[in-house]
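Protein chains in written order, with this note's numbering: chain A, 1 to 337; chain B, 338 to 871; chain C, 872 to 1152.
What the hints contain is simulated information worked out from the structure, not anything from laboratory work. Since we're looking at a predicted model, the values are computed, not measured. Just so you know, even glycine gets a beta-carbon here, dropped at the ideal spot from N, CA and C. Check each hint, because a few of them may be wrong.
In silico EDC-like cross-links for lysine to aspartate or glutamate, where the CA-CA straight-line distance does not exceed 16 Å [stated by the list, open to error]:
#	chain 1	residue 1	chain 2	residue 2
1	B	Lys-557	A	Asp-170
2	B	Lys-640	B	Glu-763
3	A	Lys-54	B	Asp-534
4	B	Lys-850	B	Glu-368
5	B	Lys-850	B	Glu-597
6	B	Lys-579	B	Glu-368
7	A	Lys-54	B	Glu-539
Among the chain A residues that face chain C by a calculated CB cut under 10 Å, a handful are [said to hold, decoys possible]:
#	residue
8	Leu-25
9	Thr-137
10	Phe-146
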Amino acid sequence: MSRIVARRLMVAVPGLVGVVVVTFLLNRALPGDPAAFFAGPAATQQAIQEIRVKLGLDRSLPEQFALYVRDLARGDLGRSLTTGQPVASDLFSRLPASLELTLCGLVLALVVAVPLGVLSATRPGSPFDHGARVLTTAGVSLPIFFTGLVLVYVFYYLLGWAPPPLGRLDAFTTPPPRITGFFLLDAALARQPTTLAAAARQLALPTVTLGFFAMAPIARMTRAAMLGVLGSDFIRTARASGLAPRTVLLTYALRNALLPVVTLLGMIFSFLLGANVLVEKVFAWPGIGSYALEALIASDYAPVQGFVLTMAMLYVLLNLTIDLVYRLIDPRVRIEG
Amino acid sequence: MLRTPRMVGPLLSLLATIIATGGAAAQGRNETLIVIVESGPNTMDIHGVGANRPAYQASWNLYDRLMTYGVKTLADGSKMYDYNVLKPELAESWTVAPDGMSVTFKLRRDARFHDGTPVTAKDVKWSFDRAVTVGGFPTFQMKAGSLEKSEQFETVDDSTFRVNLLRKDKLTMPDLGVPVPVVINAELAKKHATANDPWAMEWLKNNDAGSGAYRLESWKPGQETIYIRFDDWKSGPLPKLKRVIVREVPSAGNRRALLERGDADISFDLPPKDFAELAKAGKLQVTSHPVENAFGYVGMNVKNAPFSTLKVRQAVAHAVPFEKMFSSALFGRGVLLSGNPIASHTYGHDFFPSPIKTDLTKAKALMAEAGYANGFDTTLSFDQGFATINEPMAVLLQESLAQIGIRTTINKVPGSNWRNLLLKKEMPIFLNAFGGWLNYPEYFFFWNLHGQNAVFNTSSYQNPEMDKLIDAARFETDSKKYAEDVRGFAKLMLADIPRVAVYQPLLDIAMQKNVKGYQYWFHRQLDYRQLEKQ
Amino acid sequence: MSALARHAWYVFGDNPVTAGALGLFIALVVLAVVGPMIAPYDPLASDTTMALQAPSRMHWFGTDQVGRDILSRVLAATRLDLMISVAAVALSFVVGSTAGAAAGFFGGWTDRLVTRVTDTIMAFPLFVLAMGIVAALGNTLANIVLATAVINVPFYARMARAEANVRREAGFVEAARLAGNGSARVLAVHVFPNCLPPMVVQASLNLGWAILNAAGLSFIGLGVRPPTPEWGIMVAEGAAFIVSGEWWIALFPGVALMLAVFCFNLLGDGLRDLIDPRRRT
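Work the whole structure out from these sequences, hints included.
Here it is as structure tokens:
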């Protein structure tokens, strides 16, 4: 097992190198002069030049890149000019917010879309099937920020059911002591039910916004996979053997159909992490998406680089995890691999 | 039927808890103010590099200055700072020397920093030295009041501080009341200074070393800042609010929703249209005050063709659709200047009221006279950070200019690049705004149109005659000569028209009906000391 | 009727949703072509006296902040949005599939190079990469198309590579080689066309995604420049007016956008059925 993990990680390294190089170049190509920005409104050319030197921006590109790589090797992701903090600590404090939101969105999407896909597969071509397809496709056809804003408008502004879109917790609740950074988990571990409830309330709308977006591909894939599996020989045998339809469906068919869905989850998770940027802006969610966005607008290089690198590494880890999970679920892979 | 999994019971009760605790925490509400902003401070140190506007608000409330301004009540009952009255803050009293070349301040003996140590003249000197030494914006601002060298600052004894003047400048005293000359706890700061960082820039960025009415309880950059009252504050009446929470909410629509539903108490950061509607709806209090010594304008580069030709600039001036811009972009929230180079509530505003009339025929004729009968193509730029107002203005201007032959492409420039482009001074035509803290017309002209070519001289305007008038006005003591100087430089600006003043912005603020005590300040930030919730 | 047409008729008949999507697609194309001509007002003409009017007989979709007619702008945007998505998808399709097919067919260095590049692109969360490219190069129409194309290239490259790889040793390819065709010709004429079907499905799905991408970029300020009418930017700008009650500014372009993306998604599903009955979903 560890050999497989090591091999997978080795394969990922060139990809990560590519990411580092591309991010660096893109960042340097960003218009705007951070030195001018941070020299302030009354700066002279001379003052800006001083700041440019201080920020190391007057060196040649290869030199800057070398410095960047050297710092990376030490775990130093640089310093954000917009927050004034080291990027690594900014990311560390903000990553759990994005991860918690994305995971909740994914879980919600699974909980809704998998049963939908399964039921559609048992009634192919029926009005239910078509209806489910229309519904899930509608969810993925709207710009995600629009869905978010409409949900806030209807459920908060008009109906008052949802809490104010102020971030992860309302103004009067203190965060639970940090163990994982996931408020739901930390509040549960610290036995603080009111904090848990407060965090859950704030999570509701953004989770629905994200989940809505992920439902369609999951439902579609589940349906396709189920259809494929339901038509196979072993299912026919199971039915012929007299097993109850529910057992056939859930114990035999679904477990096999889930394999391609698991593969798809990796892509969807990565996709949701990207879409997070927009959702975080709408819900004032203090995650790494909004962090990177503000840095991008301020031509603040270090956070953007750190953000992209973090995402890329997450993606690699995620694919690795999925590979391993796959091995656990599917014995054929173990034998072949 | 599927057998219900065992988790359902606990899950349902959790759900119930979630819904039930919805209406939570009403206690402490009346002593806590929830402020929502578009973006928050990027440093707690106003002398820090690149300190943004929200950082001024933090600094104003965490730190004290030697003096502050008094209050006056306007005809409509609203309150604003009185720029003619300087009140004691850390300084109990001050005396100007008979020869007028120095001011001696007597400091309060009971003033304490947040860590309990007393405020002494040594702290004042260290802080002022810092302000004039670190460069950048703070140093510039000190210079505007002729506060330029650390030699000017003298510690006479522990509670006496003297400022020696380089020249007689009527702006010196007012300049000591602006946000920049804060008094920092020098001993505390010096503990965190290093050989490379003698002014403790690193530490003061994230930490509070002030003596102001509020202490920093917590700061999560990009999320929220929480202030808690400093109960030992002696430089004025103890504020009523115990706690102030400033939360960042990037979406403008959500900010409005939060205010309307009562989940936030106060905010500056709404589009003009929302203020206009909230004012009419009457559920919230909307207070407005024209931003002093400020206007938004159409700027042109006078150094490069085609706008280097005077007649072209005059043509543009006559093509600016003032009324349309005012109604669609600002929803009337402002003062329409129509070219008046001096804003309302500033001396000289009445000299040239609404001097420019929109006249497309005249504009077209001027274009022909300038040799551009067939027009030309150019780029119209503006700061994306202010797109809410600038974009509709740009679109309307674009349409109008097209009618006199000037075909523009609109260039929406991201914030960081905007500063850079302004510095380069190459943009042919653009929308920009400037506001000065000190309410004197020559202060505005000094920054914007003087040959010293500050970054705010966005048109690259150079005219020795203009410089003479501005410099004379700055130090003029005779009121008749002063009037002539001001009239002179205003008239010159209208003649050369490097920029067309369009509107003076309004500082709007919306708050719940139970929030009282708001006062307009020239720095356009909230002073928590005056606010209370009833 | 030809066999394909008969098969298509069967698939669509069995699947009314896909038939509906096809109809919608045709309607969109028609609107893209004739839209600007049938628009009642100039989409760029402002009229500040008529700003922020609710839908009425004079303005069926109402007017926006500077008084422009929203119906005309939505119609004009149809053409622009379809052009953006078609251009972006075409670009990524051509580049991706060629590169992928070559990689799968020739193997060796070509394969390694193409795989490296696609892995690098795929390691970025897609929207973030598009954001970075547009921010770096400037938010012109061309750059938005380019950014969308770049982030979609890996899909086609991978598919083409997989398909070409499978067919590399196939009998008909051997035959073509023996007949004297050079490698390049074999790839182009014999292998490549067989890779196309699944990629056409992907292309249809990507058309929708390209439009959503442009909308997302507009929301964060990196979209097309004013006063260009484009659905995404109209929705992003209109979003600010929802709370104050001017719902029509965001709703109409939002519905148009949704219908278009919806249509492309469903069409993609339908094409999948048409092309490969084994993979019918």
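Going through the hints against the structure:
This hinted pair checks out: Lys-557 (chain B) and Asp-170 (chain A) have alpha carbons roughly 15 Å apart, not beyond 16 Å. At roughly 9 Å between alpha-carbon atoms, Lys-640 (chain B) and Glu-763 (chain B) fall within 16 Å of each other, so this suggested pair holds. Of the pairs offered as hints, the one joining Lys-54 (chain A) and Asp-534 (chain B) holds, with about 13 Å between alpha carbons and a cut-off of 16 Å not exceeded. In summary, the hint linking Lys-850 (chain B) to Glu-368 (chain B) is supported, as the alpha carbons are separated by about 15 Å, within the 16 Å threshold.
Proximity of Lys-850 (chain B) to Glu-597 (chain B) is assessed by CA-CA distance (about 11 Å); at most 16 Å being required, the pair is judged to hold. This hinted pair checks out: Lys-579 (chain B) and Glu-368 (chain B) have alpha carbons roughly 5 Å apart, not beyond 16 Å. Pair hint Lys-54 (chain A) plus Glu-539 (chain B) holds up; C-alpha atoms about 14 Å apart against a cutoff of 16 Å. At its closest, the beta carbon of Leu-25 (chain A) sits 8 Å from a beta carbon of chain C; the interface hint therefore holds under the 10 Å criterion.
Taking 10 Å as the C-beta contact cut-off toward chain C, the hint placing Thr-137 (chain A) at the interface holds, the least distance being around 5 Å. The interface hint given for Phe-146 (chain A) holds, since its Cβ lies 6 Å from the closest Cβ of chain C, which is under the 10 Å cut-off.
Violated hints: none; the structure is consistent with every hint.
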